[in-house]
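Build the full structure now, drawing on both the sequences and the hints.
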Amino acid sequence: MCIALYTLEHPEYALILCTNRDEYLNRSTKNAHFHSFGGGTTSGDNDHDIHDNGRGSVLSGIDTVGGGTWLGVSRSGKVAVLTNVTEPYGAYPSSRGTLVSNFLKGPGSLPMDAYVDEHIRGGTYAGFNMLLLAPVAAAAADPSSTGEAGLLGFEGVFVTNRSHGQGQEEGAGEVKGDSIIMRQLRSDERELGGMSNGIDDAGARDWPKVKDGCASFRERVLDPGPVDEDMLAEKLFGILEQTADKPPTCRAELRNTIQVDPLTISESATHTPYGTRLATVILVRRDGRVLFLEKDRWQTGEDGAPRLATSSPRRHEFKLELN
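Residue numbering for the sequence shown follows our numbering, beginning at 1 and increasing consecutively.
Bear in mind the hints are in silico, worked out from the structure with no lab data behind them. These figures come from a predicted structure and were not determined experimentally. Ideal Cβ positions, reconstructed from N, Cα and C, are used throughout, including at glycine. One or more of the hints may lead you astray.
What the hints assert, rightly or not - Cβ-Cβ distance ranges computed for the label pairs, FRET-style:
#1 E118 x P11: 15 to 25 angstroms
#2 P306 x G225: 32 to 42 angstroms
#3 G123 x R315: 16 to 26 angstroms
#4 M231 x G123: 34 to 44 angstroms
Stated by the list, open to error - BS3-like, lysine-lysine: derived pairs with alpha carbons at most 25 angstroms apart:
#5 K295 x K319
#6 K211 x K105
#7 K211 x K235
#8 K105 x K235
Structure (structure tokens):
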């Protein structure tokens with residue numbers, strides 16, 4: 001289970017995004033760094049301090065099993081985040097992580113609907129939800145945008161291959177095919193959006209973790225007063241560390257908690273601990289300056305037992321290269 005909370009309508013920021021990656025703790029992963037998905041990676045190890053030497057076009061972690069990523073931002077300003085839809089395990093010919101990587105490394109001039117038509121439709125994927133963002137002038141992103149004319153804004157779309165009667169989420173109803181659904185973000189989603197592992201039109205926004213996360217985001221982040229960036233980031237990490245009063249004991253209960261403390265999922269064939277591995281905060285100012293913070297959460301210790309990481313967030317700062 002994962003979660004992403006965001007706003008595109010803050011007066012000082014074109015994007016405020018915080019997200020947890022929940023995954024099996026032993027799944028091989030590279031920390032976020034600048035790279036090009038095989039086209040000349042830089043600083044691709046998992047050292048604590050990762051430095052960009054100017055060659056890579058994308059800042060993201062890498063799932064070394066599937067080869068793609070779940071979250072990233074390109075130098076040209078494209079942002080993508082993907083979550084898996086909760087459904088029975090199955091084998092699929094295409095990796096969902098490549099949906100994000102292909103978008104981030106693709107040409108900046110390609111419209112998002114064209115990207116979906118060329119790179120997603122026709123593929124067969126396990127269930128996913130995906131947020132795609134492309135940079136535009138604030139007024140073009142949304143006529144009601146709070147951003148000043150000429151400053152950076154984002155066009156946003158939501159893409160999924162599961163809908164009511166189409167997905168396999170527990171309790172979601174009859175299963176349909178693998179058709180791709182893309183829609184523009186609604187005005188309320190631009191103000192405050194939440195995305196997790198539910199089915200878009202089958203109660204996903206009512207998941208406790210989404211409702212709790214959005215409520216905390218509204219209370220702590222959507223404040224019209226002056227913004228201290230480091231304090232804002234701490235508030236966002238605080239939201240991502242919230243846990244349910246009753247820890248989940250099975251997969252269906254993961255929707256109740258924002259941070260997932262390690263547990264073994266009985267439906268999985270691996271029987272290895274699963275939990276929140278990473279928390280990430282992305283802040284994009286309206287002048288194009290980016291702050292990307294990645295923080296380890298639960299890890300596997302040398303003895304194989306889960307342990308909560310104590311390291312500081314890895315920090316990347318850069319300026320978008322906008323046309």
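Status of each hint after checking the structure:
Distance hint check for E118 and P11: the Cβ-Cβ separation is about 35 angstroms, which falls outside the suggested range of 15 to 25 angstroms. Restraint check, P306 to G225: a C-beta distance of roughly 39 angstroms satisfies the suggested window 32 to 42 angstroms. Between G123 and R315 the beta carbons are some 35 angstroms apart, a value that contradicts the proposed interval 16 to 26 angstroms. Between M231 and G123 the beta carbons are some 42 angstroms apart, a value that agrees with the proposed interval 34 to 44 angstroms.
At roughly 21 angstroms between alpha-carbon atoms, K295 and K319 fall within 25 angstroms of each other, so this suggested pair holds. Taken as a hint, the K211 and K105 pair is broken in the structure, with Cα atoms around 33 angstroms apart against an allowance of 25 angstroms. Restraint check for K211 and K235: satisfied, since their Cα atoms lie roughly 17 angstroms apart, inside the 25 angstroms limit. Between K105 and K235 the CA atoms are separated by roughly 31 angstroms; this puts the pair beyond 25 angstroms, and the hint is violated.
In the structure shown, a violation is registered for the earlier hints numbered 1, 3, 6 and 8, in ascending order.
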